[in-house]
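Peer 1: The residues making up each chain are set out below.
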Amino acid sequence: MFNLKKSVATVVAAASVGGFLGAAPGQAQTLNVVMHSDLKILDPIWTTAYIVRNHGYLVWDTLFAMDDKLAVQPQMVDKYEVSPDKLTYTFTLRDGLEWHDGKPVTAEDCVASIKRWAAKDSMGQSLMARVAGMKAVNDKTFTLTLKEPYGLVLQSLAKPSSNVPFMMPARVAATDPNTQIKPEDVIGSGPFIFKRDEWKPGEKTVYVKNPKYKPRSEPASGLAGGKVVKVDQVVWRSVGDHQTAVNALLAGEVDMIESPPHDLLPVLAKDKNIKLFNANPLGSQYTFRFNALHKPFDNEKVRQAVLYAFNQKDFLNATIGDPKWYKECKAMFICGTPLETFKGWEDKLNSNFDKSKALLKEAGYDGTPVVLMQSTDLAVLTNLAPVAKDLMEKGGFKVDMQAMDWQTLVSRRAKKDPPDKGGWNAFLTSWVAADVLNPVMAGFFNAGCDKAMFGWPCDAKIQELRDAFAKETDPVKQKALAEAVQVRVTEYPTHVHLGQWYAPFALRKNVDGNVQAPVTVFWNVTKK
Amino acid sequence: MLDFIARRLVAIIPVLTVVAIFVFLMLRLTPGDPAAIIAGDNATSDQIDEIRRALGLDEPIWTQFIIWIGNVLQGNFGESFFFKKTVAELIAQRVEPTLALAVCTLIIAVVTAVPLGVLAAYRHGSLLDRFVMGFSVLGFSVPVFVIGYVLIYIFAIELGWLPVQGYIRIGVNFWGFLERMVLPSVTLAVIYVALIARITRASVLEVLNEDYIRTARAKGLTNRVVLMRHALRNAAVPILTVIGIGIALLISGAVVTESVYGLPGLGRLTVEAVLSRDFPTIQAVILLFSVVYVLINLVIDISYTLFDPRIRY
Numbered sequence: 016m017f018n019l020k021k022s023v024a025t026v027v028a029a030a031s032v033g034g035f036l037g038a039a040p041g042q043a044q045t046l047n048v049v050m051h052s053d054l055k056i057l058d059p060i061w062t063t064a065y066i067v068r069n070h071g072y073l074v075w076d077t078l079f080a081m082d083d084k085l086a087v088q089p090q091m092v093d094k095y096e097v098s099p100d101k102l103t104y105t106f107t108l109r110d111g112l113e114w115h116d117g118k119p120v121t122a123e124d125c126v127a128s129i130k131r132w133a134a135k136d137s138m139g140q141s142l143m144a145r146v147a148g149m150k151a152v153n154d155k156t157f158t159l160t161l162k163e164p165y166g167l168v169l170q171s172l173a174k175p176s177s178n179v180p181f182m183m184p185a186r187v188a189a190t191d192p193n194t195q196i197k198p199e200d201v202i203g204s205g206p207f208i209f210k211r212d213e214w215k216p217g218e219k220t221v222y223v224k225n226p227k228y229k230p231r232s233e234p235a236s237g238l239a240g241g242k243v244v245k246v247d248q249v250v251w252r253s254v255g256d257h258q259t260a261v262n263a264l265l266a267g268e269v270d271m272i273e274s275p276p277h278d279l280l281p282v283l284a285k286d287k288n289i290k291l292f293n294a295n296p297l298g299s300q301y302t303f304r305f306n307a308l309h310k311p312f313d314n315e316k317v318r319q320a321v322l323y324a325f326n327q328k329d330f331l332n333a334t335i336g337d338p339k340w341y342k343e344c345k346a347m348f349i350c351g352t353p354l355e356t357f358k359g360w361e362d363k364l365n366s367n368f369d370k371s372k373a374l375l376k377e378a379g380y381d382g383t384p385v386v387l388m389q390s391t392d393l394a395v396l397t398n399l400a401p402v403a404k405d406l407m408e409k410g411g412f413k414v415d416m417q418a419m420d421w422q423t424l425v426s427r428r429a430k431k432d433p434p435d436k437g438g439w440n441a442f443l444t445s446w447v448a449a450d451v452l453n454p455v456m457a458g459f460f461n462a463g464c465d466k467a468m469f470g471w472p473c474d475a476k477i478q479e480l481r482d483a484f485a486k487e488t489d490p491v492k493q494k495a496l497a498e499a500v501q502v503r504v505t506e507y508p509t510h511v512h513l514g515q516w517y518a519p520f521a522l523r524k525n526v527d528g529n530v531q532a533p534v535t536v537f538w539n540v541t542k543k
Numbered sequence: 004m005l006d007f008i009a010r011r012l013v014a015i016i017p018v019l020t021v022v023a024i025f026v027f028l029m030l031r032l033t034p035g036d037p038a039a040i041i042a043g044d045n046a047t048s049d050q051i052d053e054i055r056r057a058l059g060l061d062e063p064i065w066t067q068f069i070i071w072i073g074n075v076l077q078g079n080f081g082e083s084f085f086f087k088k089t090v091a092e093l094i095a096q097r098v099e100p101t102l103a104l105a106v107c108t109l110i111i112a113v114v115t116a117v118p119l120g121v122l123a124a125y126r127h128g129s130l131l132d133r134f135v136m137g138f139s140v141l142g143f144s145v146p147v148f149v150i151g152y153v154l155i156y157i158f159a160i161e162l163g164w165l166p167v168q169g170y171i172r173i174g175v176n177f178w179g180f181l182e183r184m185v186l187p188s189v190t191l192a193v194i195y196v197a198l199i200a201r202i203t204r205a206s207v208l209e210v211l212n213e214d215y216i217r218t219a220r221a222k223g224l225t226n227r228v229v230l231m232r233h234a235l236r237n238a239a240v241p242i243l244t245v246i247g248i249g250i251a252l253l254i255s256g257a258v259v260t261e262s263v264y265g266l267p268g269l270g271r272l273t274v275e276a277v278l279s280r281d282f283p284t285i286q287a288v289i290l291l292f293s294v295v296y297v298l299i300n301l302v303i304d305i306s307y308t309l310f311d312p313r314i315r316y
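Chains as they are written, first to last, in this note's numbering: chain L, 16 to 543; chain P, 4 to 316.
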């Protein structure tokens, strides 16, 4: 007779013994991490996806980087000079820089890499519009010559988030920017080497320590300083389900979760073997985006009404919940940064529904429903749209909230059609703070009509101010211009910022040394 | 018999043609633009258009279909929009975990459910019968992911006997493989056990009332012989049919189970491909599932002849 109980017990016992016998030796030097997403794309210039950017920081290096005070510091560059007329920048690379295939990093490689990056990135395009030419002087030195002084040369080359100007071998950088580089071309000069043969999408991505990498002598600070690797390899484990990732961390199968969902943080915080670490003190910023092409948001006054109807606390409570992990902040360029200012927003974001209704009346709002797209599959975004709907309705709007998955939303937001023909009026998203540090970097401030990002705002004054900001080299004047942009956005709203939030890492307590930076990086991390 | 097999194999062609057209059109007509997804949050409309052109998505739908079907007929399923790998390579990487999960699940399900069903029929109305029927209702009612989380909590978190997630290839470490297959297979097997046990019970119960069973008993045969040789064999056809139909259940269950246990199989590949609108991958995986489904049911049809000599093709 088949004895179910005995058989299951036998299988379980055999499996347990198997697990003991199967444990691989030397795992102490392998950092097993569950990232926020699986790595599907390998080219950080081809896409702006954050997971690919993080992959980029492991494999490739940058000429400059921002430290924890957001100051630009040399990284691959040893020294640089700016001519007295501020038109010529001369960069000299550090000694001993080498690609993973053993070839030396040259100035030609850097020139080619900057060109490919600039073809895709908005800050790169802005920079290249002012560049008269770039030239390799010798193997280690190249020059960048401007047509006119430009205040964001170094900030552009130190851009911390997507697209990051990573340096690649010239033959790889010769790839069309709209074509993804091949897996065999994932060759950088960064602190880790990508193991192409072990890259199994949906299962794992493996990076091993680059033994030839020469870190800078300064201590790690933000994305700058010495990138000293203290583990043998980093393995990104693909675990699609949040709960499973948390269970795996509790069971010690993984060492770190990059962004555990906020509702599971209390479970993790209770476990004595787990710690939570906020590696990105600037966090991320929630944003409500208008589509300026169609009724009712083609009218500036109607958009202004939204600024009065909203308040940040309701959005943050509905999505993040615990005030420990969010911050109300009316500064569009992030609280705690050099460009922090509240000017123009003092009386807004206070849910003044009477003012909202008065503005709608003044604008002649005819009750056209706002088609609001709600993303339902990303926990950190799902609850934003219902809050927006509620506040807007209290402020006098009619709202047609349409639920969809994020990828459908991403596809639909690219459409310029009217809302009743597959278009849209508004949606909500989130930016990593590192993407919105100034009015040129932050794409939603681009009010260049057809050249702007989805939503397509069209305002010459904002564009003039952004242009002036880019040309300005004096930080004090730059701040005044950033402030002017922020004030102008209250008159011609392009988007609404809805507060900052933080996503801590969840780590086993034997993992230490994580660097505080706007991007998840793995140098300096130890595992005991 | 060979004629029958040949006819059934030829019949796969129109089935696959319909599936191919349906899947292709469905993907193109539902919302979702892979180019916008690839381009990411910072992309402008021009950049999205460039990527769309590079992927060939700016061509008319019928042109895209003719190019794709032409390639498929030559055995080329194309390249994933995202992975920079051929779809065939991606599928090859993901087949083993799904196959392993399916085989382990089937083994557990059949080995558990058939004896339970036979015993329930034999002890009709007893406590055991009620238990089996109660378990069946529970197995149908509780979602696969709930069973998965409960088993993980008990056996991985609380008892620490088995790992929470992950997969080790059978050729790399057999015990590691087995260790990681136990919970997913048991999880997925629950609904299958419920289904097969219920059908086995009903089928055997019907056969047990037949005259030839009474005759067998009158001849003095033991209960074991009556049940195994006469009752179960004659009840086998509906049970095999259910196992065949259950393959579809297994495929959909694998999607959830692979997600809960972090198995890098075809189920998760399908989900990831659908969410990222990776058209070439979705099309190839669905075609593959269709072929598997048709072939397994062909095998089931052929196996009827082993149990019922009256069936001839």
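Please keep in mind that the hints were generated in silico from the structure rather than gathered at the bench. Don't take every hint at face value.
Derived Cβ-Cβ restraints for the label pairs, each shown as a range [stated by the list, open to error]:
| # | chain 1 | residue 1 | chain 2 | residue 2 | range |
| --- | --- | --- | --- | --- | --- |
| 1 | P | ILE70 | L | LYS287 | 24 to 32 Å |
| 2 | L | GLY336 | P | ARG56 | 38 to 46 Å |
| 3 | P | THR66 | L | GLN417 | 25 to 33 Å |
| 4 | P | THR66 | L | GLY117 | 30 to 38 Å |
Below, a list of computed lysine to aspartate or glutamate pairs in the DMTMM-like style, where the Cα atoms sit at most 20 Å apart [stated by the list, open to error]:
| # | chain 1 | residue 1 | chain 2 | residue 2 |
| --- | --- | --- | --- | --- |
| 5 | L | LYS197 | P | GLU161 |
| 6 | L | LYS466 | P | GLU99 |
| 7 | L | LYS430 | P | GLU92 |
| 8 | L | LYS466 | P | GLU62 |
| 9 | L | LYS215 | P | ASP52 |
| 10 | L | LYS219 | P | GLU92 |
| 11 | L | LYS430 | P | ASP52 |
| 12 | P | LYS88 | L | ASP191 |
| 13 | L | LYS358 | L | GLU233 |
| 14 | L | LYS430 | P | GLU82 |
| 15 | L | LYS118 | L | GLU96 |
| 16 | L | LYS84 | L | GLU233 |
| 17 | L | LYS431 | P | GLU99 |
| 18 | P | LYS88 | L | GLU199 |
| 19 | L | LYS431 | P | ASP49 |
| 20 | L | LYS215 | P | GLU213 |
| 21 | L | LYS316 | L | ASP381 |
| 22 | L | LYS210 | P | GLU92 |
| 23 | L | LYS219 | P | GLU99 |
| 24 | L | LYS413 | L | GLU479 |
| 25 | L | LYS285 | P | ASP49 |
| 26 | P | LYS88 | L | GLU233 |
| 27 | L | LYS413 | L | ASP392 |
| 28 | L | LYS130 | P | ASP214 |
| 29 | L | LYS431 | P | ASP52 |
| 30 | L | LYS376 | L | ASP435 |
| 31 | L | LYS430 | P | GLU161 |
| 32 | L | LYS431 | P | GLU92 |
| 33 | L | LYS224 | L | ASP191 |
| 34 | L | LYS215 | P | ASP44 |
| 35 | L | LYS310 | L | ASP191 |
| 36 | L | LYS287 | P | GLU161 |
| 37 | L | LYS430 | P | ASP49 |
| 38 | L | LYS197 | P | GLU99 |
| 39 | P | LYS88 | L | ASP313 |
| 40 | L | LYS345 | L | ASP362 |
Note that beta-carbon positions come from the ideal geometry of N, C-alpha and C, so glycine has one too.
Peer 1: Now look at each hint and say whether the structure bears it out.
Peer 2: So, going through the hints one by one against the coordinates:
no. : hint                             : result
1   : ILE70(P) / LYS287(L): 24 to 32 Å : violated (58 Å)
2   : GLY336(L) / ARG56(P): 38 to 46 Å : holds (44 Å)
3   : THR66(P) / GLN417(L): 25 to 33 Å : holds (31 Å)
4   : THR66(P) / GLY117(L): 30 to 38 Å : violated (45 Å)
5   : LYS197(L) / GLU161(P)            : violated (44 Å)
6   : LYS466(L) / GLU99(P)             : violated (47 Å)
7   : LYS430(L) / GLU92(P)             : violated (34 Å)
8   : LYS466(L) / GLU62(P)             : violated (24 Å)
9   : LYS215(L) / ASP52(P)             : violated (29 Å)
10  : LYS219(L) / GLU92(P)             : holds (16 Å)
11  : LYS430(L) / ASP52(P)             : holds (11 Å)
12  : LYS88(P) / ASP191(L)             : holds (18 Å)
13  : LYS358(L) / GLU233(L)            : violated (37 Å)
14  : LYS430(L) / GLU82(P)             : violated (26 Å)
15  : LYS118(L) / GLU96(L)             : violated (26 Å)
16  : LYS84(L) / GLU233(L)             : holds (15 Å)
17  : LYS431(L) / GLU99(P)             : violated (44 Å)
18  : LYS88(P) / GLU199(L)             : holds (11 Å)
19  : LYS431(L) / ASP49(P)             : holds (12 Å)
20  : LYS215(L) / GLU213(P)            : violated (56 Å)
21  : LYS316(L) / ASP381(L)            : holds (13 Å)
22  : LYS210(L) / GLU92(P)             : holds (17 Å)
23  : LYS219(L) / GLU99(P)             : holds (15 Å)
24  : LYS413(L) / GLU479(L)            : violated (34 Å)
25  : LYS285(L) / ASP49(P)             : violated (48 Å)
26  : LYS88(P) / GLU233(L)             : violated (40 Å)
27  : LYS413(L) / ASP392(L)            : violated (25 Å)
28  : LYS130(L) / ASP214(P)            : violated (86 Å)
29  : LYS431(L) / ASP52(P)             : holds (13 Å)
30  : LYS376(L) / ASP435(L)            : violated (24 Å)
31  : LYS430(L) / GLU161(P)            : violated (50 Å)
32  : LYS431(L) / GLU92(P)             : violated (37 Å)
33  : LYS224(L) / ASP191(L)            : violated (29 Å)
34  : LYS215(L) / ASP44(P)             : violated (25 Å)
35  : LYS310(L) / ASP191(L)            : violated (38 Å)
36  : LYS287(L) / GLU161(P)            : holds (15 Å)
37  : LYS430(L) / ASP49(P)             : holds (12 Å)
38  : LYS197(L) / GLU99(P)             : violated (25 Å)
39  : LYS88(P) / ASP313(L)             : violated (43 Å)
40  : LYS345(L) / ASP362(L)            : holds (10 Å)
In summary, the numbered hints that this structure violates are 1, 4, 5, 6, 7, 8, 9, 13, 14, 15, 17, 20, 24, 25, 26, 27, 28, 30, 31, 32, 33, 34, 35, 38 and 39.
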